[in-house]
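A.B. asks: Residue numbers for the sequence shown follow the working numbering, so the first one is 14 and each next one is one higher.
If you are wondering where the hints come from, they were derived from the structure by calculation, not from laboratory data.
Derived Cβ-Cβ restraints for the label pairs, each shown as a range:
| no. | residue 1 | residue 2 | range |
| --- | --- | --- | --- |
| 1 | T173 | R378 | 22 to 30 angstroms |
| 2 | H17 | V260 | 51 to 59 angstroms |
| 3 | G65 | H17 | 39 to 47 angstroms |
Below, in silico cross-link-like pairs of lysine to any residue (SDA-like), each with a Cα-Cα straight-line distance of 20 angstroms or less:
| no. | residue 1 | residue 2 |
| --- | --- | --- |
| 4 | K89 | V78 |
| 5 | K250 | L321 |
| 6 | K250 | A239 |
| 7 | K250 | P71 |
| 8 | K509 | G342 |
| 9 | K509 | P495 |
| 10 | K250 | R68 |
| 11 | K509 | E499 |
| 12 | K250 | F406 |
| 13 | K509 | F471 |
| 14 | K250 | F238 |
| 15 | K89 | L67 |
| 16 | K250 | A266 |
| 17 | K250 | E499 |
| 18 | K250 | V262 |
| 19 | K509 | D493 |
| 20 | K250 | G397 |
| 21 | K89 | G65 |
| 22 | K250 | W72 |
| 23 | K509 | R527 |
Where a beta carbon is used, it is the ideal one built from N, C-alpha and C, also for glycine.
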Amino acid sequence: MYEHPSASVRSLIGGVLACAALVLAAIGIGGDFPLSDDWSYAYAVRSLCVDGELRMLPWTGASLVLQAWYGALLCKLFGFSFEVLRASTVAMATAGAIGFALLLNEAGIRGRVAALAIATVGLSPLYVNLAFTFMTDVPFTVLCIWSGWLYVRGLRRGETAALIAGAVVCSAALLIRQHGLFLAAAAIGASLWPGPTAARSRLRTAAAAGLAPILVFIAFHVWLFAIHGAPSGVQNKVAEVGLFSVVGVGNLAFRAVEYLGLLLLPIAAAQAGTVWRDAPGRLAAVGTVLGAAALFLYARDGELMFYLPYVLHDLGLGALTLRDTLFLGEDPPLHVGVGLGVTLSLASTAAASVLVTAYWTAMDRRPTAPHAFLIYALALLVAGSLLHVAFYFDRYLLPALPFAVAAALLCLPISRVGSGSWLAAALLAWWAVAGTHDSLEWNRARFAAIAALEREGFDAREIDGGVEYNAWHLADRLGDWPTTEEVRRGQPATRKSWWWVVDDRFIVSFRPLRGYDVRDSIGYSRWLVPGTGRVLVLERETVPPRPGPSNGPVPLSTR
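Please work from the sequences and hints to get the whole structure.
C.D. replies: And the structure:
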């Protein structure tokens, strides 16, 4: 089954390795602290590494076990630290970009078009930012890519061994996030795609592609629910299915399409001319529907891009998990506002219109089984992400991204990559690298400030250091978990932050808060908008606070 990659593939892999080294040098993995929700996954790693027992916090909703085991192995070798875990994800992300080069080559996408596709995925803001965490999104996506390559190879060449290998890798993906089952379903569907082979042969192909993931999915959930005990995070995910409504899912689907339009902007720019020439009526129809939906959402809720929370935000990347931004719902410390929102909404809608029209036009032709697999994988991974009806985050779309790119290029092949596509790819790459650099830098400043408080003898029970700090130090010890309503943005300033804050004598914040004095201000270097950002350490006033709600943001006129 193995064969040496061609010279063109080797050059693409060399480019991937060079870019990965540059990105790593620019951002760095330094900082022994959690980011986003990876404290929950690191807890499972530490329990395995230190105690030899897999323990998952109630917060955990992903299947996780494979990631916990390889994380524990690394920590046995190098010692437990978030830097080791972060480095493992960066290495996985690099492997994912290499796997995507192989998938594209197997699908017949080569040369500059393949280079553009790899840049669109490997230097995507979602991919780069999440690569510098221990979140499950990138490891899961990487295994989906490698499984996808093997599935495409097996379907194209009729190699049963490749299909079985793809099924094994897909099973591994299932043990990080349950949504790997959707990739297996795509492979089964493509295997059964009508073709010249007999029906019995197609059934054997489907079994080779899907039997192992189905058995692993069943065995894992029997173990999880009957033996280990399912964390409440998993139970909550199951319960979310009961919140399903056609209108709600349609709303989320529109947002998902808009985000994929933004992330695939370089591909859409290359295809726009052909789509306009060959299918102007369909393009106008799709653009009208998406544009009307965007206008309706703006008229009803005043919403513009960014429609979904988590990684992508106005003039930045990465979860903003401090009291002022997450709990009180204040804007990011730097933001443009409506101007950027309108620009990105228009660009996303235009790009999404081109891509949807390209997919639609391809339905006029009879796709091959590998092509059908890529389309099914895109559709099912996006549909699977919509099961998160209570909290729908932009990062849930990352696994669909490589399949969206490959499917788009097969639906409407492009022979030439123009300057507009490279410019779009360069802008997204700059946003990815600079935004992730800035995200790591403000977190380094945050945890340096907290470390200074700890050196003075203050305890985590006296500090509101943001979600990751309090969760890592106190969540398991306190044993209480917030409700769905408590974790939503825009809470009253009279309440303490929901993330296991015992006493908020000290608060780490991007801005001053009413009732608090600024005790310290720590600067950090900013690249996306060049300059110096600030993280503040606030201490509760010892004199009666000024009139107004406690802990609320200070009006701009008094800052």
